[in-house]
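Enquirer: Protein sequence lines correspond, in order, to chains A and B.
Sequential numbering of the first sequence, starting at 20, is according to the numbering used here.
Sequential numbering of the second sequence, starting at 11, is according to the numbering used here.
I should point out that these hints are in silico values taken from the structure, not numbers from a laboratory.
Beta carbons are placed, not taken as given, at the ideal position from N, Cα and C, and that holds for glycine.
Just so you know, not all the hints are guaranteed correct.
[What the hints assert, rightly or not] Derived lysine-lysine pairs resembling PhoX-like cross-links, with alpha carbons at most 25 Å apart: (1) B:K60 to B:K41; (2) B:K13 to B:K60; (3) A:K144 to B:K41; (4) A:K144 to B:K72; (5) B:K14 to B:K60; (6) A:K308 to B:K41; (7) A:K308 to B:K71; (8) A:K144 to B:K71; (9) B:K72 to B:K60; (10) B:K72 to B:K13; (11) A:K144 to B:K14.
[Stated by the list, open to error] Selected chain B positions facing chain A (Cβ under 10 Å, derived; list incomplete): (12) N19; (13) M21; (14) M28; (15) E34; (16) K41; (17) S46; (18) Y47; (19) K49; (20) G50; (21) E55; (22) S59.
[What the hints assert, rightly or not] Here are some chain A residues the structure puts well away from chain B; computed CB gaps all over 10 Å: (23) Q22; (24) V304; (25) P332; (26) P341; (27) T343; (28) T347.
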Amino acid sequence: MEQYLVAFITGLTTGGLSCLAVQGGLLASSLAHQIEQDILEAGTQKGKRVAHPKTALPIALFLLSKLVAYTILGFLLGLLGSVLTLNSTVRAILLIGIGIFMVGNALRMFNVHPIFRIFAIESPKFITRYIRRAANGKGGSQTRPHRDWFTPIFLGALTVLIPCGVTQAMMAVALATGSPLQGAALMFAFVLGTSPVFFLVAYLTTRIGARLEKWFMRFVAVVVLVLGLVSVNSGLNLVGSPLALANWFRPAETAQPALASSPLPQSDGVTLYLSAENDGYYPQVLNAKSGTAVTLNVVTNRTFSCARDFVIPALGVEELLPETGTVTIPIPAQPAGTVMRFTCSMGMYTGEIVFDQ
Amino acid sequence: MVKKVFRVNDMHCPNCAMRVESIEDDLPGIKQVSASYRKGQMVVEFDESKVDDAAIIAAVKKAGYLAEAA
Chain A
20 MEQYLVAFIT GLTTGGLSCL AVQGGLLASS LAHQIEQDIL EAGTQKGKRV
70 AHPKTALPIA LFLLSKLVAY TILGFLLGLL GSVLTLNSTV RAILLIGIGI
120 FMVGNALRMF NVHPIFRIFA IESPKFITRY IRRAANGKGG SQTRPHRDWF
170 TPIFLGALTV LIPCGVTQAM MAVALATGSP LQGAALMFAF VLGTSPVFFL
220 VAYLTTRIGA RLEKWFMRFV AVVVLVLGLV SVNSGLNLVG SPLALANWFR
270 PAETAQPALA SSPLPQSDGV TLYLSAENDG YYPQVLNAKS GTAVTLNVVT
320 NRTFSCARDF VIPALGVEEL LPETGTVTIP IPAQPAGTVM RFTCSMGMYT
370 GEIVFDQ
Chain B
11 MVKKVFRVND MHCPNCAMRV ESIEDDLPGI KQVSASYRKG QMVVEFDESK
61 VDDAAIIAAV KKAGYLAEAA
């Protein structure tokens, strides 16, 4: 019982915000449909003003669908007891794909060009017909405004494909239970814990935005656009692409002063030390000797963020670091001038090793 | 029964297509309406002896959109 309580509290604290950073875009896309609809209704029914977009229901549906999807995933993880986590390349492709989808949707909402309508998710006709008739009680387009239930449910379930670092850690625990029921209960408790933060942030955001009414559509579009770009950038980080934003600004050659908040042993070019902290990796640039094998020691000290899930795309290394401890990663000899990038599993925190000595 | 395409350019999101399709519940003589936000059009299958283009366009207008025969 204790482990479920821990899972719930983890979700309530670190999980909620971490997952919101990764999956917030899908929730925003889901809400965008509802807000578009409500603003449209306000426009067509003259004299009637919508006090605020009716977003509570789609948020609830999104979270409920997410809860169900993750509970099923926990069940499968426990049942199979085998590694089901997606590797970093597949996740990178997913993140970039989802990012492009979101950017496309934002451009569609800005009405840039009809071509961007291809990014709109259109529910299957048999479902829309069913929902329409259910919502109308039988027929008549004016009897009751319909609600789009499919989109938030579908997108909520999709979050199962883009778990954040904390969620992945919890998935590993579910895997280790070796029991379908325990795995399901664990994921249920965790995702339930993340839900209040999701709901609160999403609902308050939409309430504030409702005051802006017609400008709010553009506000949502901007949010979706930014989150889409963040998602693409995370995907680029995850495959170690030099196109990722962080690599445009990071000084590549100069060794940075030790920025780690906890004291680390001095790196000597062959034995390197990297601190994985809750807000990223320090130092962000490590200098190493070329032409010789080096050892990277990644040190954690009460690290709970997704920095724990450490990835070196070029080497195919993916390590789930302990909350506190040191993991040693051997790196084979590299030619001079090599820049080896590392990142967390969601591409949020990054850094690089420069072989220049 | 005939199948006819109408342009509905002012659909705003996928939900609008669902709303446009609701005219099939309103008008006798319409067998099926398939609206697409992406294409900005709807395909209506209807009985010409019971309903005509003008009635269909009027029903779409009542739902809040402007339709015209393609």
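Enquirer: Can the restraint linking K144 of chain A and K41 of chain B be considered satisfied, given a maximum Cα separation of 25 Å?
Expert: At roughly 14 Å apart (the allowed maximum being 25 Å), K41 of chain B and K144 of chain A satisfy the hint.
Enquirer: Just want to verify: T347 of chain A was marked as not at the interface with chain B; is every Cβ pair farther apart than 10 Å?
Expert: Consistent with the label, T347 of chain A stays out of reach of chain B, its closest Cβ about 52 Å off (over 10 Å).
Enquirer: For the hint on Y47 of chain B, does the least C-beta distance to chain A fall short of 10 Å?
Expert: 6 Å, holds
Enquirer: The hint names S46 of chain B as touching chain A; please verify it with the least Cβ-Cβ distance against 10 Å.
Expert: 7 Å, holds
Enquirer: Would the hint linking K14 of chain B and K60 of chain B be met if the CA-CA limit is 25 Å?
Expert: 15 Å, holds
Enquirer: Over 10 Å from every CB of chain B: does Q22 of chain A meet that, or does the non-interface label fail?
Expert: Holds: least Cβ distance 42 Å, greater than 10 Å.
Enquirer: Are M28 of chain B and chain A close enough, Cβ to Cβ, to be under 10 Å, as the hint says?
Expert: 5 Å, holds
Enquirer: Does the alpha-carbon distance linking K13 of chain B and K60 of chain B stay inside the 25 Å limit?
Expert: 14 Å, holds
Enquirer: Are the Cα atoms of K144 of chain A and K71 of chain B separated by 25 Å or less?
Expert: 22 Å, holds
Enquirer: Need the status of pair K308 of chain A, K71 of chain B: alpha-carbon distance at most 25 Å?
Expert: This hinted pair is violated, its Cα atoms lying about 73 Å apart.
Enquirer: Going by Cβ atoms, does P332 of chain A stay more than 10 Å from chain B at every point?
Expert: The claim holds: P332 of chain A sits with its nearest Cβ about 36 Å from chain B, beyond 10 Å.
Enquirer: Given the hint that K72 of chain B pairs with K60 of chain B, does the C-alpha gap stay at or below 25 Å?
Expert: 19 Å, holds
Taken one by one, the earlier hints fail for this structure at numbers 6, 7, 16, 21, 22, listed in ascending order.
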